[in-house]
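Construct the entire structure; sequences and hints are all you get.
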Amino acid sequence: METSKSDVVEVVPEDYSYVFNPYREPVACVQPGQRVLIHTEDAFESRINTADDLPSQALATAKFLNPQTGPIFVEGAEPGDALAVRMESIEPKREYAVSCYVPYFGGLTSTPLTRTLQEALPEKVYVWNLHENNGSRYLVNEEIGVRLPWEPFVGTIAVAPDLEAISALSPGPFGGNMDVPDVRPGNTVYLPVWNEGALFYTGDCHARQGQGELCGVALEITSKVTVSFEVIKGGGIEWPRIESEEKLMTVGSARPMEDAARIAYAELIGWIEDEHGFSRLDAYQLLTQAGGLYVGNMVDTTYSLVASIDKRYLTRG
1 METSKSDVVE VVPEDYSYVF NPYREPVACV QPGQRVLIHT EDAFESRINT
51 ADDLPSQALA TAKFLNPQTG PIFVEGAEPG DALAVRMESI EPKREYAVSC
101 YVPYFGGLTS TPLTRTLQEA LPEKVYVWNL HENNGSRYLV NEEIGVRLPW
151 EPFVGTIAVA PDLEAISALS PGPFGGNMDV PDVRPGNTVY LPVWNEGALF
201 YTGDCHARQG QGELCGVALE ITSKVTVSFE VIKGGGIEWP RIESEEKLMT
251 VGSARPMEDA ARIAYAELIG WIEDEHGFSR LDAYQLLTQA GGLYVGNMVD
301 TTYSLVASID KRYLTRG
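In terms of the working numbering, the sequence shown is residues 1 to 317.
Think of the hints as simulated: they come from the structure by calculation, not from any bench. All residues carry an ideal CB built from backbone N, CA and C; glycine is no exception. Wrong hints could be hidden among the right ones.
To be verified - The calculated DMTMM-like cross-link candidates involving lysine to aspartate or glutamate, where the alpha carbons are at most 20 Å apart (straight line), are:
| id | residue 1 | residue 2 |
| --- | --- | --- |
| 1 | Lys124 | Glu142 |
| 2 | Lys224 | Asp182 |
| 3 | Lys93 | Glu10 |
| 4 | Lys224 | Glu95 |
| 5 | Lys311 | Asp182 |
| 6 | Lys63 | Glu75 |
| 7 | Lys247 | Asp282 |
Said to hold, decoys possible - Label-pair ranges, simulated between beta-carbon atoms:
| id | residue 1 | residue 2 | range |
| --- | --- | --- | --- |
| 8 | Thr114 | Glu238 | 27 to 37 Å |
| 9 | Glu275 | Glu132 | 37 to 47 Å |
| 10 | Tyr23 | Glu75 | 17 to 27 Å |
| 11 | Ala60 | Ser279 | 34 to 44 Å |
| 12 | Gln118 | Pro79 | 42 to 52 Å |
| 13 | Arg316 | Ser244 | 16 to 26 Å |
| 14 | Ala62 | Tyr313 | 41 to 51 Å |
| 15 | Tyr23 | Glu95 | 33 to 43 Å |
| 16 | Thr114 | Glu10 | 37 to 47 Å |
| 17 | Pro149 | Gly292 | 35 to 45 Å |
| 18 | Tyr23 | Glu238 | 15 to 25 Å |
| 19 | Asn134 | Gln211 | 21 to 31 Å |
| 20 | Thr114 | Arg316 | 29 to 39 Å |
In structure tokens form, the structure reads like this:
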């Protein structure tokens, strides 16, 4: 496997991975600082494209969902480091996004993990067409009659776990299917590294999504994602972190949901303590009075919550 020396590395996968796998052969090898343009499929591998493509029929032959592009080997990354992923841009590869109701899946229906005797909700597909006007993009579903802004982000972003190959439908300390809207252009995502080269995966781009991804399916798109990587030696983080111009954010994934919140807030306290000069108890007090918390997803195998603090509160005086 050779390391690419070009300014922009384009990654067009011949096939996809449905697990975050430390044993899969890398699809590309890149240097820190290089721009990497990654082609991604949507969560259904483009099997649902019209209102007639009902999930029970369109996905009947799909053994796996949520295809991932990867792994990408990042030179210099070693176990114990942190991988900084700078989200530069997300461009759609088609002029529409899809959402749908999948039988026995979602936040307000019976699921395999929340069993009841109720029947599944009716299947329905929503196609949202992407438009552009005066440089602004927006999405419209004619049936609902609502216009929503184009606010793309990466639903799934991960490094390979230490030992196991874990389903691409799952979030965890490695990142994964967190469905967090702040994994968007302009922000930086930090992931702990367990394997040489970090072994980076991504996919499941969304044109937008409400907090919680309520029905379990955001506005799913195929896309081209441009990122660059930095290796932070001895980074020592345990869960994903996100940084924007205004905020520090941490992500915890667990069931029950309150444990996800505890992970996220505990990680944020550690970040504030280690890098911003606060004692642990002072950071705890600060987050009690000024912290933010939102639900990334309430539908996946484990739930993802995001804790945050505005950077202006980290300056004393």
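Given the hint of 33 to 43 Å, check if Tyr23 and Glu95 actually sit that far apart at their C-beta atoms. For Tyr23 and Glu95 the Cβ distance comes to about 37 Å; the hint holds.
Check the hint pairing Lys93 with Glu10 against an upper bound of 20 Å on the C-alpha distance. holds (15 Å)
State, for the Cβ atoms of Gln118 and Pro79, whether the hinted interval 42 to 52 Å holds or is violated. Since Gln118 and Pro79 have Cβ atoms about 46 Å apart, the given range 42 to 52 Å holds.
Measuring from beta carbon to beta carbon, are Ala62 and Tyr313 in 41 to 51 Å? Cβ of Ala62 to Cβ of Tyr313: about 46 Å, so the range 41 to 51 Å holds.
Could you say whether the range 29 to 39 Å given as a hint is met by the Cβ separation of Thr114 and Arg316? violated (45 Å)
Given a hinted range of 15 to 25 Å, is it respected by the beta-carbon distance of Tyr23 and Glu238? At 23 Å between Cβs, range holds.
For the hint 37 to 47 Å, verify it against the beta carbon of Glu275 and that of Glu132. holds (40 Å)
Taking 20 Å as the top limit, are the C-alpha atoms of Lys224 and Glu95 close enough? holds (13 Å)
Holds or violated: Lys311 to Asp182, with C-alpha atoms at most 20 Å apart: Satisfied, since the Cα-Cα distance of roughly 15 Å is no more than 20 Å.
Given a hinted range of 17 to 27 Å, is it respected by the beta-carbon distance of Tyr23 and Glu75? Holds, at about 19 Å.
Would you say the C-beta atoms of Asn134 and Gln211 sit inside 21 to 31 Å of each other? Given a distance of about 28 Å, which is inside 21 to 31 Å, the answer is holds.
Does the beta carbon distance between Arg316 and Ser244 stay inside 16 to 26 Å, or does it fall outside? holds (21 Å)
In terms of the numbered hints stated before, the structure departs from hints 6, 11, 17, 20, listed from lowest to highest.
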